[in-house]
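Asks: Please construct the entire structure, taking both the sequences and the accompanying hints into account.
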Amino acid sequence: MSDVIVDAANVSRAFEMPAGAVVAVRDVTLSIAQGEHAAISGPSGCGKSTLLHMLGCVDTPSSGTLCFDGSDVSTLDDRARSRLRLRQIGFVFQRFYLLPMLSAAENVELPQAEAGAAKDVRRLRSIELLEYVGLEHRANHRPSQLSGGEMQRVAIARALANRPRLLLADEPTGELDQATSEQVAVLLDRVNADGTALVIVTHDPDLAGRARRVLTMKDGQIEQEVTR
Amino acid sequence: MNALACAWRSLVRQPARSGLGIIGVAAVGALLFDMLLLSEGLMISTRSMLDSMPFDIRVTSTDQMPGRGPDIADGPAAAAQIAALASVKAVTTLRREDAYLMRGDGTRAYGSVLGIGFGSGRPWTLVSGTDVVGDNEIVINEFAAQVTGTDIGASLTVRSNCADGATAPPAMEFRVTGIATFVFDALGEAGAGMTDTSLAEACGTPGAIPADFLMVQSTGDATSTAADIDALGLHLQASTNDEAMGQLQQREFTYFRQISTVLTTITISFALLLITVLLTVSVNQRLGEVAALRALGFSQGRVVLDVLWESVLIVGIGGILSLPLGALMAVWLDGILKRMPRIPADLHFFVFQPEAVWIHAALMAVTAFTAAIYPMVIVARLPIATTLRNEVVG
Amino acid sequence: MSLTTVSARVPARVPEGGHPGCCYNPRVAPMHTHRRRGRVAGSVVALSCVVILAGSVVPAQEAQPPSILIARQLAALEGIAVGDEVELTSGEPGSATRRFRVIGTYEPTPNPLQLGVASRGIRMHLTDLLALTRDAATPAGTEHVEGITIALQDPDSTRAFVNDVNARVVGAFALFPGQAAGAGDTFVVLERFHMAIATVTIIAATVFLLALTVMLVDERRATVGVLRLIGFPAHRILVQVLIEGVVLAGAGALFGLALAVASEGLINWFFQWRYDTALIFVHVTPTVALACVAIAVHLGAVATATASWALLRSGGLRLAKR
Chain A
292 MSDVIVDAAN
302 VSRAFEMPAG
312 AVVAVRDVTL
322 SIAQGEHAAI
332 SGPSGCGKST
342 LLHMLGCVDT
352 PSSGTLCFDG
362 SDVSTLDDRA
372 RSRLRLRQIG
382 FVFQRFYLLP
392 MLSAAENVEL
402 PQAEAGAAKD
412 VRRLRSIELL
422 EYVGLEHRAN
432 HRPSQLSGGE
442 MQRVAIARAL
452 ANRPRLLLAD
462 EPTGELDQAT
472 SEQVAVLLDR
482 VNADGTALVI
492 VTHDPDLAGR
502 ARRVLTMKDG
512 QIEQEVTR
Chain B
2 MNALACAWRS
12 LVRQPARSGL
22 GIIGVAAVGA
32 LLFDMLLLSE
42 GLMISTRSML
52 DSMPFDIRVT
62 STDQMPGRGP
72 DIADGPAAAA
82 QIAALASVKA
92 VTTLRREDAY
102 LMRGDGTRAY
112 GSVLGIGFGS
122 GRPWTLVSGT
132 DVVGDNEIVI
142 NEFAAQVTGT
152 DIGASLTVRS
162 NCADGATAPP
172 AMEFRVTGIA
182 TFVFDALGEA
192 GAGMTDTSLA
202 EACGTPGAIP
212 ADFLMVQSTG
222 DATSTAADID
232 ALGLHLQAST
242 NDEAMGQLQQ
252 REFTYFRQIS
262 TVLTTITISF
272 ALLLITVLLT
282 VSVNQRLGEV
292 AALRALGFSQ
302 GRVVLDVLWE
312 SVLIVGIGGI
322 LSLPLGALMA
332 VWLDGILKRM
342 PRIPADLHFF
352 VFQPEAVWIH
362 AALMAVTAFT
372 AAIYPMVIVA
382 RLPIATTLRN
392 EVVG
Chain C
350 MSLTTVSARV
360 PARVPEGGHP
370 GCCYNPRVAP
380 MHTHRRRGRV
390 AGSVVALSCV
400 VILAGSVVPA
410 QEAQPPSILI
420 ARQLAALEGI
430 AVGDEVELTS
440 GEPGSATRRF
450 RVIGTYEPTP
460 NPLQLGVASR
470 GIRMHLTDLL
480 ALTRDAATPA
490 GTEHVEGITI
500 ALQDPDSTRA
510 FVNDVNARVV
520 GAFALFPGQA
530 AGAGDTFVVL
540 ERFHMAIATV
550 TIIAATVFLL
560 ALTVMLVDER
570 RATVGVLRLI
580 GFPAHRILVQ
590 VLIEGVVLAG
600 AGALFGLALA
610 VASEGLINWF
620 FQWRYDTALI
630 FVHVTPTVAL
640 ACVAIAVHLG
650 AVATATASWA
660 LLRSGGLRLA
670 KR
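Residue numbers (our numbering), protein chains in the order written: chain A, 292 to 519; chain B, 2 to 395; chain C, 350 to 671.
Hints are computed from structural coordinates only; laboratory data are not their basis. Quick caveat, the model's predicted, so the values are computed rather than measured. Think of the CB as a built atom: it goes at the ideal place given N, C-alpha and C, for glycine as much as any other residue. Treat the hints with care, since some could be wrong.
Said to hold, decoys possible - The following label-pair restraints were derived from C-beta to C-beta distances: (1) C:Leu501 / B:Gln250: 41 to 49 Å; (2) C:Phe536 / B:Gly189: 16 to 24 Å; (3) A:Gly425 / C:Pro582: 19 to 27 Å; (4) A:His428 / C:Pro582: 39 to 47 Å; (5) B:Thr182 / C:Thr548: 31 to 39 Å; (6) C:Thr458 / B:Gly154: 46 to 54 Å; (7) B:Ile267 / C:Glu456: 49 to 57 Å.
Replies: Structure (C-alpha cells):
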C-alpha cells in the first residue's frame with residue numbers, strides 16, 4: 292500500500308448555473324499522505340469545501356484525475372465509492388448531522404452496522420470511541436440532550452467508527468464557541484496523532500494553525516501552501 | 002441498526018405526524034376494505050340464499066328475474082309437464098302478491114303473500130305449528146304475527162293487492178296454521194304463505210292460477226335438467242342458480258360493483274397522495290442527514306430502503322388497524338343499505354371473505370411501494386456534495 | 350298543481366287519439382316476442398312497458414298503423430329506425446299480432462339500480478295497449494289499468510284527496526307523489542349510504558389535512574422560535590399561521606372544486622357511455638360547492654390552530670435551536 296492515500300492531479304470542478312458555468316475548483320494538484328494533518332482555509336466561496344468533497348469521493352472532478360489508494364475514483368461506480376467512504380474515509384460536518392432519533396452510542400454504531408460489524412463488536416467499539424471522545428457517560432443520550440461541542444465529539448466518534456485512514460472535517464468548529472472549539476481541536480489533534488490522516492476545512496486561523504500543512508485557497512486555486 | 006429499525010425510529014421521532022399518517026391510512030384502508038367486501042358481498046349473500054332453498058332451477062316466462070317479467074299463465078299445467086321429466090325431482094309453483102294481513106280489531110300489517118302449488122316444496126321453513134295443506138290456511142312470519150298480534154289457530158283477514166286482478170280483490174279470512182321464516186323476508190315486512198288456489202281466490206280470480214315462476218329441483222345435474230325443460234317447448238326460461246347469479250351480476254348488482262370500483266380507486270389514490278406527501282415532506286426535511294449518511298458511506302440502496310420501510314410501516318400499521326375499523330364500518334353501512342325496501346333480512350351487502358383481506362393487503366402493499374417511489378427517487382438522486390453545501394448555506 | 354297516483358283496478362276509460370307520450374307500465378299476463386321469420390335470439394324479450402317486440406321490421410302497408418315510441422336502447426339493439434313498422438304480440442305464441450309504426454325514440458328514465466340493463470321499453474296509446482293485450486273473451490271496456498295519475502287544481506288538497514279516495518273507493522289505493530315513485534325509499538337509503546361514505550372520506554381528509562398542517566407548522570419551527578425570541582406574542586403568531594392554514598385549505602377546496610367541475614363532464618360522459626344511460630353520475634351543485642368550501646376552511650382553521658397551539662407551547666429558545 293502506497294503512503295499516499297488520496298492524490299488529486301489537476302482537478303477542476305465546475306457547476307452549471309443558469310447564468311453560465313461556475314468553476315469552484317480550478318486545476319488543483321494535491322496529495323494527502325498517511326498520517327498527514329492538513330488544513331485548507333480561505334475566504335467563503337473559494338472552493339475549499341468542494342475540494343474536500345472531491346477528496347472524500349462524494350463529488351467527482353469535472354476534469355483531472357483523483358486517485359484513492361492508487362485507484363482512479365472516476366472508474367468506481369456509486370456502490371464502490373460508498374464502500375470506499377464507509378471503510379476508508381470519515382466525515383465530520385459543521386452541522387454534525389447526528390440522527391436525532393438515535394442515542395449517541397447508536398449514532399456511533401450506525402456506520403459499523405452498515406459495514407456489517409457484529410452487534411457485540413460494534414457495541415464495544417462504540418463505547419470505546421465514546422470513551423475516546425470523553426462522552427461515555429452520554430452514551431444513551433439523544434442528540435437533542437447534548438451540547439453543540441458534545442454533538443461534534445459524538446460526530447467525530449461516528450466518523451472514526453470503521454477505523455478510516457482519512458478523516459475529513461468541514462468547518463468542524465463552525466457552530467461552536469471558542470472554548471468548545473478548542474476541545475474539538477484538541478480531539479482532532481489526538482485523532483491525527485493516533486495515525487489517521489486529517490484534512491480540515493476551516494475559517495478559523497487557530498484551528499488551521501494546528502495543522503502541519505496549511506493550504507490557502509482563493510478563486511478555486513491553491514494560492515499558498517505552508518508546511519511546518 | 003438495519004433500515005427497518007431506522008425507519009421505525011424515524012416514525013417514533015415524529016409521533017404526531019406518523020400517528021396522523023397511520024390514522025389517515027386506517028380510515029381510507031377501512032373504506033377500501035369495505036368496498037372490497039361490497040364488490041362481492043351481494044353475490045355471495047344472494048348465492049347463499051339461493052343455495053339455502055331446496056331448488057336449483059327457476060323457470061320463468063322470460064329471461065327476466067322472477068317477479069320482474071310476465072307471469073306464467075297456467076302455473077300448474079306448466080309444472081305438470083316439467084314434473085314428468087325424468088331429470089326432475091320436484092316442482093313447485095310460486096306466486097307472490099302484496100297484501101294487507103288484518104285482524105278483526107283493525108290491526109294490520111302490509112307485506113307479501115306467497116302462493117305455492119303443485120308440489121310439496123316450500124320456500125319457507127316452519128318454526129312452529131303446521132304447514133298449510135288446504136284452502137283458507139295460512140302461515141305467517143314472526144313479524145306479521147307480532148304486528149297483528151296473531152297466534153297459531155287465530156283468524157287473519159287477507160286483502161290482497163294483486164297485479165292482474167280485474168276487480169278489487171275480496172277480503173278473505175284465513176286460519177293461521179303456523180309461524181314460518183321466509184328466505185327472502187324483508188326486515189320489518191310481513192310475510193305469509195298459502196296455497197296457489199287460496200291466493201287466486203284472494204286475488205279475486207279463482208279461475209286463473211298464474212305463477213311468477215316455477216321452482217324445480219333436479220335429480221342432480223341442474224344444467225342438463227334446465228336444458229331438458231327448455232327442450233319441452235313451453236316457451237319458458239329455465240335458469241340454474243349459476244345462471245341466475247350471472248344475470249344478477251350482469252343486471253342487478255352493477256350499481257354496487259360500480260360504486261365499489263370507483264371508491265376503491267378513490268381511496269387508493271387518497272392513500273397514495275397522503276403517504277407520498279407525508280414521506281416527501283419528511284424526506285425534504287432531512288436531506289442534510291441523508292446526504293451526511295451518504296457521505297459516511299451509506300449506499301444509495303440503503304437510504305432508499307429507509308424511505309421504503311417508512312412507507313411500509315405507515316401503510317402496514319394503518320392497514321392492520323383498518324381491518325377491524327373496516328369490519329365495524331361494514332356493519333354500519335350494511336345497516337344503512339338494508340333499510341332499502343324489500344331487502345331480505347338475510348341479504349347482506351358487505352360479506353366477509355378471506356380473499357378480501359388478501360386483496361386488501363396486496364393493494365395496500367402496492368400503495369406503500371407506489372407512494373414511496375417519489376420520495377425514494379429524491380433520496381436516490383440526492384447530490385451529496387451539493388446538498389451538504391446547500392444545507393450549510395441555508 | 351300536484352300529481353297524485355291512484356293505484357286501482359278500475360275500468361279503463363281512455364279517450365281515443367291520445368299521444369304516445371303518455372307512459373304506462375302495468376304488469377300483465379305473459380306475452381312473448383315473435384319475429385316474423387322465426388323467434389329472435391333468446392326468443393323471449395321482456396319489455397318494461399307491457400308489450401313485446403314481435404318481429405323484424407316489416408314493409409310499410411297502406412293503412413296507417415298506430416304509432417309507438419321505442420326506447421333508444423331497444424332501437425339500437427334491434428336495429429329499428431323511426432318510420433319502421435313492427436309487429437307486436439301479447440299472450441301465448443300464436444296469439445294475434447298488431448302492426449305499429451315507430452314514430453320516434455325516447456330516453457328511458459334512468460335508474461341507478463338498473464345500470465347495465467338495456468331498456469327495452471315501448472310507449473304507446475293506452476287504447477292501443479288495451480286492444481293489444483285484451484283477451485278475446487274480455488269485452489272492450491272491462492280492461493284494467495294499474496294506476497291513474499291525477500293532477501289536482503289545488504295542490505294543498507293532496508292529503509285530503511288521498512284520504513278521501515282511500516275512504517270511498519273500494520280496492521283503490523291513493524298514493525302521494527313520493528310514494529307513487531315507488532323507488533323513493535331506495536334513493537333515500539342510497540343517499541344515506543353516500544352520505545356515510547362521504548363522512549368517512551371527510552374524516553380521512555381531516556386527518557390528512559391535520560398531518561399536512563403539522564408538517565407545515567413544524568417547518569416553521571425555527572422561524573416561529575425566532576419570532577418568539579424577538580418578542581412577538583403567541584397569539585400574533587397563531588393568527589398568522591391560522592390565516593395561512595385557512596388560505597391553504599380554502600385554496601385547496603377551490604382547486605378541488607374546480608377539478609370536480611372540470612372532471613364532471615368527463616366522468617358523466619365515461620359512465621353514460623359505459624352503461625348506455627342518461628343517468629347523471631356527478632353533479633356539482635352550488636350547495637355541494639358551498640358545503641365543500643365551508644367544511645375545508647373550517648377544518649383548515651381547526652387543524653392549523655391545533656398544530657400551532659402545540660408548537661407555541663414550546664419556548665422560543667427551544668424552537669429556534671436546530
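Asks: Which constraints among the numbered hints does this structure fail? Numbers only, ascending.
Replies: 3, 7
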